[in-house]
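J.: If you want the building blocks of each chain, they are given just below.
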Amino acid sequence: MKKLLALVLAVMMLVPAFALADNTIRIGVFEPSTGDNGAGGKQEILGIEYANSVAPTVNIGGEEYTVELVIEDNQSLTDKAISAAQSLVSKDVAVVLGSYGSGVSMAGGDVFAEAGVPAIGVSCTNPNVTLLCDYYWRICFLDPFQGTVMANFAKELGATKAYVLTMLGEDYGVGLGKYFVEAFKALGGEVVEENFTEGTSDFAAYINNAASNGCDVMFAPCATTYAALIIDQAAAQGISFPILAGDTWENSAILNAAKGKDIKVYCSTFFDENDDAAAAASFVSGFKAWLNADSSKLTNNGGNDIVAAVSALGFDAYNVALAAITAAGSADPAAIAEALPGVTYEGVTGAIAFDDVGDAKKDMAYIKFANPETGAFDFVKTQSVAE
Amino acid sequence: MSENRSQNANVLRLKDITMQFGGVVAINNLSLEVNQGEIVALIGPNGAGKTTAFNCITGVYQPTNGEVDFHGTPIAVNHPQGKMIRQYAGINPDAYKNRKPVVYTPDKITRMGIARTFQNIRLFKSQTAFDNVLIGTHLRRSSNLFTATFRLNAREEKANREKTAQLLEIVGLSEEANELATSLPYGKQRRLEIARALATDPTLLLLDEPAAGMNPQETDELGEFIVDIKNRFQLTVFMIEHHMNLVMDISDRIYVLDFGRQIAEGTPEEIQKNPVVIAAYLGVDEE
Amino acid sequence: MKKGNMRLIISLLVVAALYAGGFLIEHTAGSKSMVVTVLQKGAVYALIAVSMNLLNGFTGLFSLGQAGFMLVGAYAYAILTIPMAKRAAVYQYYDGGWVQFTVGVLPALLVAGLVAALFAALIGMPVLRLKGDYLAIATLGFAEIIRAIVQWDTIGPLTNGSNLLKTYPTLKNIMPGNTVLFTFLVVGVCIGLILLLINSTYGRAFKAIRDDEVAAEAMGINLFRHKQMAFVVSSFFAGIGGALLAMYQGSLQANSFKSAMTYEILLIVVIGGLGSVSGSVMASFLFIACSEWWLRFLDAETMLGNVQVPLLAPGFRMVVFSVVIMVVVLFFRKGIMGTRELWELGNRRQAKGGRKS
Amino acid sequence: MFDTLLPYLLAGISVGGQYAMIAVGYTLVYGILRLINFAHGDIFTAAGFFMIYLTASLPIGLSIPLVIILTVALGFVVERVAYKPLRSAPRMSIMISAIGVSYLLQNLMWYITGGLAKQYPVLPFLSQTIRLGSATTKLVTIITPLLTVGLVVALVMLINHTKIGMAMRAVSVDFETSQLMGIKINSVISVTFVIGSAMAAIGSLLYFTNYTAVTPTVGAMPGLKAFVAAVFGGIGSIPGAMIGALIIGICENLIKAAGLTAFSDAFTFALLIVVLLFRPTGLFGEKTTDKV
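Going down the list, the sequences are from chains A, B, C and D.
Throughout the first sequence, residue numbering follows the numbering used here, covering 1 to 387 in sequence.
Throughout the second sequence, residue numbering follows the numbering used here, covering 1 to 287 in sequence.
Throughout the third sequence, residue numbering follows the numbering used here, covering 1 to 357 in sequence.
Throughout the fourth sequence, residue numbering follows the numbering used here, covering 1 to 292 in sequence.
If you're looking for bench data, these hints aren't it; they were derived computationally from the structure.
All of these numbers come straight from a predicted model, not from anything done at the bench.
All residues carry an ideal CB built from backbone N, CA and C; glycine is no exception.
Treat the hints loosely; a few may be bogus.
Footprint (simulated), chain A over chain D, 3 or more residues, beta carbon under 8 Å [as the list claims (entries may be wrong)]:
id	region
1	61-73
2	136-150
3	255-264
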């Protein structure tokens with residue numbers, strides 16, 4: 001019995017990494033499809049898959065290569081992200097796209113750097129993703145920018161005292177919260193900051209704290225799981241001030257939570273589906289048609305065909321990756337990493353060009369309002385910050 | 001055996017020991033003495049409080065009232081405290097009121113030189129006979145965690161192993177040294193427990209029903225064995241036993257307990273004739 | 001005496017062969033391979049599992065605080081080794097943090113163990129007086145409290161609050177290209193020390209406490225002091241294990257050291273056999289290989305021809321895995337090794353033969 | 001002062017009542033089996049998911065009794081499969097089995113739901129918003145403590161005055177002897193799990209009406225807190241578990257009110273340790289004597 005076990009072990013150790021078919025290049029998709037950020041991660045994957053269906057091949061040095069997507073679930077957890085990243089690396093991906101959520105991106109970044117595989121951040125907004133990792137690039141705006149935008153917006157709503165609520169241990173929210181606080185204070189506002197721990201479902205006390213401290217706006221960048229609870233309990237307590245958040249809240253979970261309730265929820269995001277630029281318009285119509293053709297995709301998008309900003313970013317990320325592969329003229333990760341800084345791309349979310357750190361220079365955010373009557377996001381305005 | 005009486009130094013002394021669990025008085029005002037080199041037996045019907053007395057001596061229980069001395073040093077002193085002041089049903093609640101309570105843990109008492117065996121054998125079940133005895137040498141170690149881990153105590157370790165082998169030979173278990181302790185037959189387990197107790201270098205050995213479950217022949221052998229080790233290691237022996245033949249054969253003196261109280265004390269001959277003892281035993285109709 | 005020498009030589013050869021194997025695998029399979037990952041993580045878990053076994057398996061203390069001590073060790077290591085140049089970026093919200101010096105990797109590993117041991121000594125004082133499942137739940141509680149404190153904003157300049165710690169030296173920095181060998185070396189030394197301890201007079205005392213507390217105490221063994229020793233030593237190695245885990249992961253966050261992590265390690269110990277060092281080591285590699293590598297295909301939605309294979313979907317791997325664990329817990333309660341060690345397998349047979357003759 | 005504290009007190013009493021529902025299951029099982037049923041929090045979560053999946057196709061009035069039945073069945077099965085075979089095994093084995101079951105249930109729920117938060121259906125009556133002095137809250141906040149007290153009283157009556165209750169008490173005092181006296185141990189234990197699971201199911205209805213997102217791990221924290229409540233109140237004592245739970249619920253919310261939000265969970269554990277050290281029998285627990 002024991003010998004048999006040992007034999008099986010030995011054989012399994014020797015199983016060779018499965019070989020690549022000729023003329024196939026693998027792109028890793030490093031996204032959460034389960035866990036706190038699963039809903040958003042799925043929408044981002046949809047954008048990438050759609051891009052892959054539009055452009056299934058890439059030309060490398062005159063030869064046509066088929067692109068194969070390797071999707072690995074990082075479960076929205078930093079410790080699981082590491083093994084997911086390792087799994088991608090071991091499957092010989094040429095470049096990685098993702099992730100939704102900054103913490104998992106930072107955790108995975110080290111694995112990619114170690115293996116020399118370049119990664120393109122899709123919607124991870126914490127500055128440290130690229131700053132602390134030489135192999136990470138990113139196509140969205142950053143939290144210092146987003147935080148400032150929302151602080152300005154809060155000010156425009158007439159707020160003077162903000163309640164900032166973030167989850168302990170979530171880099172995305174904690175970071176964004178800090179930048180918001182800085183900016184809001186710089187604008188002359190007052191701030192009350194609090195954290196909740198992972199797995200909290202009782203937000204009543206937090207909302208009481210906001211109300212009893214006389215706050216007139218709440219900024220709560222966090223995963224949609226908690227967002228739904230916060231909105232629901234705020235509505236139950238008859239909160240009248242607006243609740244603001246970052247890009248994660250642009251999700252149907254928020255719309256469902258807010259629907260039919262007397263509550264004002266705003267979020268900032270990367271893209272608006274009513275953008276009238278030609279590229280954006282054709283992406284939106286194409287993506288909707290692609291979604292509606294397959295009910296399981298529609299389910300993954302939250303049960304409707306509203307185009308999430310992260311889907312658009314996923315679409316752009318995939319195309320940036322293809323552009324980098326073409327520019328490198330090689331399927332070798334090292335060559336792609338070398339070519340990436342020079343890539344420029346006119347995407348559906350705006351022009352993409354990387355700076356020294358590896359960030360796209362984006363300076364416009366879209367602010368949306370979760371309409372409780374229609375159950376859809378209303379475009380409010382675009383906002384940028386003067387440097 | 002009476003030659004040892006000449007020394008007559010007091011090894012163990014219980015003064016006014018009362019042990020009360022809640023409202024139940026398990027031992028009521030027990031006083032007794034065990035002298036150097038004696039074999040003293042504690043007998044009595046089941047539930048008389050014999051094992052409780054052992055537990056008071058070895059620090060498993062803290063007596064509710066009274067004092068235990070070992071070689072003249074108090075190892076347990078107490079008087080009723082807290083809730084027990086009202087509940088106390090013993091005698092002399094105030095006799096030790098001005099004494100500071102002394103509470104020693106069992107390990108400390110063992111280190112002072114009292115070793116014991118258990119009524120329901122408590123060997124280390126996952127270990128060999130050899131290791132069971134070897135553990136008994138742990139308390140006289142001079143090594144600490146580091147020296148032991150890095151084997152700087154090799155000499156001491158070797159001495160301990162030799163001592164263990166010797167003890168196993170004395171109790172006649174050399175053959176079974178590498179057997180699992182719990183796989184041994186009952187009688188051998190009892191001897192192994194005695195060997196383990198001897199490994200702690202005691203001056204006083206407490207045996208809790210060493211002959212329980214043995215046939216008459218084994219019991220006789222055990223009697224000789226106890227006398228033998230007593231002489232060899234210059235021990236004093238205090239034992240609880242039900243086998244009257246054994247008790248009468250080897251004891252110098254006998255204390256009789258019934259319902260927690262001492263009802264008689266004397267030499268085997270005196271006890272055999274004592275009407276109170278006979279009544280107690282006949283009343284229970286056990287032996 | 002000669003027989004003892006032979007056995008020593010054989011064990012040394014086996015250990016050397018394992019090291020050479022690790023070395024060769026890394027150089028032939030390449031650092032990207034999953035085998036290398038499994039060997040690294042498996043070795044780290046092996047140390048942590050053995051440290052937990054010292055407590056739960058050898059001393060009979062049901063402690064569920066391992067994740068807390070790993071957390072302390074990991075943080076101590078990371079905080080001490082983040083390069084000065086990177087501190088401003090890592091501690092971006094805390095002005096570069098309080099700690100303004102760095103130490104070498106090996107001293108930092110040692111400190112990681114010592115800090116964890118110190119925490120254990122403090123926590124052990126009240127907690128070790130509790131028995132059985134109360135001890136379990138109290139240690140679990142302390143692990144959670146440690147996690148809450150580490151994430152506390154006020155000591156953020158020390159721990160970086162709840163944010164990720166990064167840029168400290170990882171496995172690949174120390175012996176480039178020989179990450180497996182390095183892990184094996186550190187883990188090997190630590191497990192070797194634990195083995196020496198277990199086979200010393202103190203180890204026998206621990207086992208005596210496990211088998212029968214009352215009898216152990218009657219043998220002059222100070223229960224509290226020995227439990228405290230086992231607790232502190234176990235935490236010392238858990239701290240080093242935590243630091244190694246941090247080195248393996250490359251980034252570190254208090255949030256991942258939840259009670260679920262302790263449960264996982266406990267299950268490894270059970271699968272290997274409570275009271276068997278070699279069992280824990282084997283179970284660690286097996287557990288990690290299954291969860292990280294062999295069973296991963298269960299998570300992928302696979303098409304066979306045109307048919308989607310039923311059941312395969314994200315999360316299925318963990319379901320299969322936990323069912324297997326339940327089967328072990330219910331039907332193979334002794335685990336792989338029971339309380340025996342790999343090198344004792346032959347011995348016991350001899351002993352049996354001896355009894356017959 | 002009272003006006004500012006009122007919302008916190010209300011939230012505390014409400015969540016405390018919900019913890020109490022879970023705590024009863026812990027305290028009953030521990031009283032009889034001396035087992036910390038680590039899976040109890042996950043059974044509570046499962047009740048939440050049952051409700052979500054049932055209401056997808058059935059009316060709420062029918063779903064509620066079905067949820068209770070399914071949860072009870074789950075508790076029963078867990079006991080039969082994972083604990084019964086280990087009845088004569090060392091206590092550590094049973095606890096490991098409990099941890100294993102918890103691990104399995106969490107992974108199973110993760111697999112079925114994709115690890116995503118599910119929205120709990122709105123129970124029309126309970127979800128109504130009402131005003132109470134300075135506080136606005138859902139009706140469930142008021143209902144919970146009333147229902148909890150009612151159920152606890154009923155349960156105490158059951159245990160003190162029925163035959164099965166007597167058997168339960170006997171088994172908790174002495175397992176072996178009561179077996180010798182002809183009490184069917186296994187059915188008594190099953191009844192214990194059934195009662196505990198039913199209470200957890202009712203607790204989940206109240207809890208998730210308040211906190212409407214259900215994830216596979218959502219029950220872990222309330223589960224641990226309920227266990228602490230059971231220890232605090234004195235393990236084995238049902239009124240003790242309820243009072244312990246209410247105290248924990250209120251303290252937790254007051255700590256958040258004081259701005260120490262990061263420590264509200266840690267507080268629970270600190271309380272546990274303090275109780276274990278200074279009064280291991282809890283507020284209303286019975287003393288047990290160790291026998292050597």
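J.: None of the hints should be skipped; say for each whether it holds.
T.: Do the hints match the structure? See the list:
no. : hint    : in the structure
1   : 61-73   : violated (count 0)
2   : 136-150 : holds (count 3)
3   : 255-264 : holds (count 6)
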